[in-house]
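Chain by chain, the residues:
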Amino acid sequence: MPSKSRKLVETRREENPDDASRFLQLFMEHDRQLRFYLHQLLPDRDDVDEVMQNTSIVLWTKFAELEEEAGFIKWAYVVARYEVLMYRRQKARDRLILNPDLLITIAQEISDTPELVQDYQHALRGCLDKLVDQDRRLILQAYSHGLKVAQLAEELRRSVQSIYRKLSGLRQQLARCVRLSTEH
Amino acid sequence: MSKERSAEANSELTQLLSEYANGEISPARLAQLEETLSESPDARKDYIHYFRVHAGLYDLVDELAQRDQQDESTGAVAAEQRKFEYRVYWLPVSIAFLAACILIACFALLPRWRDSADPSQSMAKSSSTSGGRKPGSFDLPAFTTSQPIAIISRMADVVMAPGQDSLHIGQGLSPQQLSVKSGLLQLDFLNGVTVVVQGTVELELISQTRCKLVRGQARVYADSLEDGFTLETDEATFIDRGTEFGVRVVPGKQAEVHVFDGQVDVLPRTGDPATRSVTTGRAMSISSQLQPQDILVRPDEFPSIRGMNERLSDLTSERYAKWRQDRQQILADEDLLVFYDFQTDPDNAQQVVNLAADGLNGNIVGCNVAAGRWPGKQSLEFKKFHDRVRINVPGEFDSITLSVWMRIDGFDRQFNSIMLTDYFQDGHIHWQFRSNGIVDLGIRPKNEERILYLSDPVLGYEDLGRWVQLVTVVDRDLGKVFHYLDGKLIMQAPIETGREPAYRAPSETLAKLRIGYAELGNWRRKDPGEPYSIRSLNGRMDEFAFYSRALNEAEVARLYEIGRP
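Chain order of the listed sequences is W and C.
For what it's worth, my numbering labels the leading residue of the first sequence as -5, then goes sequentially.
For what it's worth, my numbering labels the leading residue of the second sequence as 87, then goes sequentially.
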């Protein structure tokens, strides 16, 4: 694949220098949505970062195969799903990730019930606002980049287990709340 | 959750999902989760709902962090950038090539779109948050925890004795010896007592209520006092009792006290220890050889606040006249493109007139006219959130000099605008200072992350409310960027790497510098999709200049001499 993709890029650049611009525009437009999708398949942030990067490269090399720009995100989902599977195969030994069949099924079900990240975010914020300050802070801290739960626990002088329990409860609460606010 | 499954099964599923999301699931429990999910479509629905929260929270913190602090903040982004470079390195060569293609194209195309995210982040690592700073928090200048005992409130013609550090208005003084060769100096003690000294004076500041005059003459205004004020000399101690008095000390000879108003108690150091009182209109001379004697009171011989006012008024009008004359030298410079003195144009009060050339006038938005460096000299006050001066300086430059006379009234924002270009791309310039007193020039090369040229935290609380001159020079011939404060060099750094807290790879794409649409004292970011932050200045500007060449150190020092208040 490496040599092929290189050739692709060179051909592309000769053919149409504007492709890069179009590709990047599309990619940036959908970057958030794509990450949102991947986070539903892979719980760990570092895994998502890795897959996101692989996906971006594949999308670019195969950009010529995309027939119409309106189909970009659907196409990106397919590529990303494949990259998730590839990634899982590579990391199967040291990462605990759902089995491939399940990943495929769930990925399909996610794209069957599409949810725009912006809309979801809106609902989620509404639900976060309903939490007490302390809980809201805790959950945002836990999701902030670079802060491991162990550190957080130390900072808050609580056990790792109690933080995990607390986070589980809060996610559960938020899931219920978002569900209520989006499903009428 | 769904009705088909029992409450117990639901709770078990929730537990599994939570372990999986936390990254703490065991292989056995993962198998259990897989089994549940494969069997039940409803369980998978629950999975999706649960993980949407998970995904949504990641998205939210990314967004918050990006909005909060990014772009020109510390080295966090640069660090991200390097992380990416590192990663690319590990990829097979041709893929690295691809990634580089995408990345380069991405930067190159920056201006044209970008409405959702910062590409350096989303491309490089698909957005990682930068730094753990809490929203809205920032560093402030360092300050000593010990309170000063007195403040220098005014000065005229002051020349310090050899070896003494120069003083500046607003400076807080801790207990110390002050040695002045000549001039007029007004000290306000923190308890409300004012002391004016003149000529050759040696003064020892002891506490908020106590000082010692070793040599020279002083007038003490102690009528508004809370806890008494004591002025010591070698010959006697003078304790004021709600009063205005003068003291003159000839070392080794005598001390005189002249009471203009109220009463002063005199305690001679030697001889008769009895306390004597001196009242309004009387004066006394005390020496170690002779008995204290009454002498003629001579109010006119002592420095005074009124004398200070008169001298300052003369001085400032002289300085102002001198500045108006000397600035012709500045204006004669062929490379001076913009020179604003912020003097109101009666025909167009919303315009800042460029005195360097025709055109390139600025437009005032908001901003009150305020007093400038000297009485009669106007300045513009940037106080309100939307106060700004819009400018447009077209063209491309190799070397530049930016110069401003400004009065900083607060370290209100993390970034405080001096001059910020609307866009920050391809050679644009951001000139500002940070909440912690760092002078900050940022240049954005065409295809790279911005380069920062950061001074040490040179601005502090004592600089608030005084007129300071800041000059920044980008000197292409020397390959350096310089910052000056009040004519003195405070930072120099290579153009290619800047001066940043973390290592930054040398720039390879820094071509021309440009300004274009920009504003003084505020920021109107126009790069689409870029996070916006509040950078409005709290302060005043009374001179702004832009040169299309690099001024050298001597020229900057000269500018300071011409402009100093």
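Incorrect hints may have been included.
To be verified - Pair ranges (Cβ atoms, derived):
#: 1; chain 1: W; residue 1: 103; chain 2: C; residue 2: 114; range: 22 to 30 Å
#: 2; chain 1: C; residue 1: 470; chain 2: W; residue 2: 144; range: 55 to 63 Å
#: 3; chain 1: C; residue 1: 470; chain 2: W; residue 2: 72; range: 19 to 27 Å
#: 4; chain 1: W; residue 1: 174; chain 2: C; residue 2: 542; range: 35 to 43 Å
#: 5; chain 1: C; residue 1: 589; chain 2: W; residue 2: 127; range: 16 to 24 Å
#: 6; chain 1: C; residue 1: 603; chain 2: W; residue 2: 103; range: 43 to 51 Å
#: 7; chain 1: W; residue 1: 107; chain 2: C; residue 2: 98; range: 19 to 27 Å
#: 8; chain 1: C; residue 1: 121; chain 2: W; residue 2: 63; range: 54 to 62 Å
#: 9; chain 1: W; residue 1: 120; chain 2: C; residue 2: 114; range: 53 to 61 Å
#: 10; chain 1: C; residue 1: 131; chain 2: W; residue 2: 124; range: 20 to 28 Å
#: 11; chain 1: C; residue 1: 131; chain 2: W; residue 2: 120; range: 48 to 56 Å
#: 12; chain 1: C; residue 1: 454; chain 2: W; residue 2: 144; range: 34 to 42 Å
#: 13; chain 1: W; residue 1: 40; chain 2: C; residue 2: 262; range: 37 to 45 Å
Claimed, not checked - Using 20 Å as the maximum straight-line C-alpha spacing, the simulated SDA-like pairs for lysine to any residue come out as follows:
#: 14; chain 1: C; residue 1: 566; chain 2: C; residue 2: 552
#: 15; chain 1: C; residue 1: 131; chain 2: W; residue 2: 113
#: 16; chain 1: C; residue 1: 131; chain 2: W; residue 2: 142
#: 17; chain 1: W; residue 1: 160; chain 2: C; residue 2: 101
#: 18; chain 1: C; residue 1: 131; chain 2: W; residue 2: 94
#: 19; chain 1: C; residue 1: 131; chain 2: W; residue 2: 124
#: 20; chain 1: C; residue 1: 463; chain 2: C; residue 2: 651
#: 21; chain 1: C; residue 1: 131; chain 2: W; residue 2: 85
#: 22; chain 1: C; residue 1: 131; chain 2: W; residue 2: 153
#: 23; chain 1: W; residue 1: 142; chain 2: C; residue 2: 651
#: 24; chain 1: W; residue 1: 142; chain 2: C; residue 2: 393
#: 25; chain 1: C; residue 1: 131; chain 2: W; residue 2: 167
#: 26; chain 1: W; residue 1: 142; chain 2: C; residue 2: 456
#: 27; chain 1: C; residue 1: 612; chain 2: C; residue 2: 594
#: 28; chain 1: C; residue 1: 470; chain 2: C; residue 2: 456
#: 29; chain 1: W; residue 1: 124; chain 2: C; residue 2: 400
#: 30; chain 1: W; residue 1: 85; chain 2: C; residue 2: 578
#: 31; chain 1: W; residue 1: 85; chain 2: C; residue 2: 456
#: 32; chain 1: C; residue 1: 267; chain 2: C; residue 2: 278
#: 33; chain 1: W; residue 1: 142; chain 2: W; residue 2: 113
#: 34; chain 1: W; residue 1: 142; chain 2: W; residue 2: 153
#: 35; chain 1: W; residue 1: 85; chain 2: C; residue 2: 651
#: 36; chain 1: C; residue 1: 131; chain 2: W; residue 2: 175
#: 37; chain 1: W; residue 1: 124; chain 2: C; residue 2: 146
#: 38; chain 1: C; residue 1: 131; chain 2: W; residue 2: 110
Quick caveat, the hints were computed from the structure, so don't treat them as lab data.
All residues carry an ideal CB built from backbone N, CA and C; glycine is no exception.
(message) Tell me the numbers of any earlier hints that the structure contravenes, in ascending order.
(response) 2, 3, 4, 5, 8, 9, 11, 12, 13, 14, 16, 19, 21, 22, 23, 24, 26, 27, 29, 30, 31, 32, 33, 35
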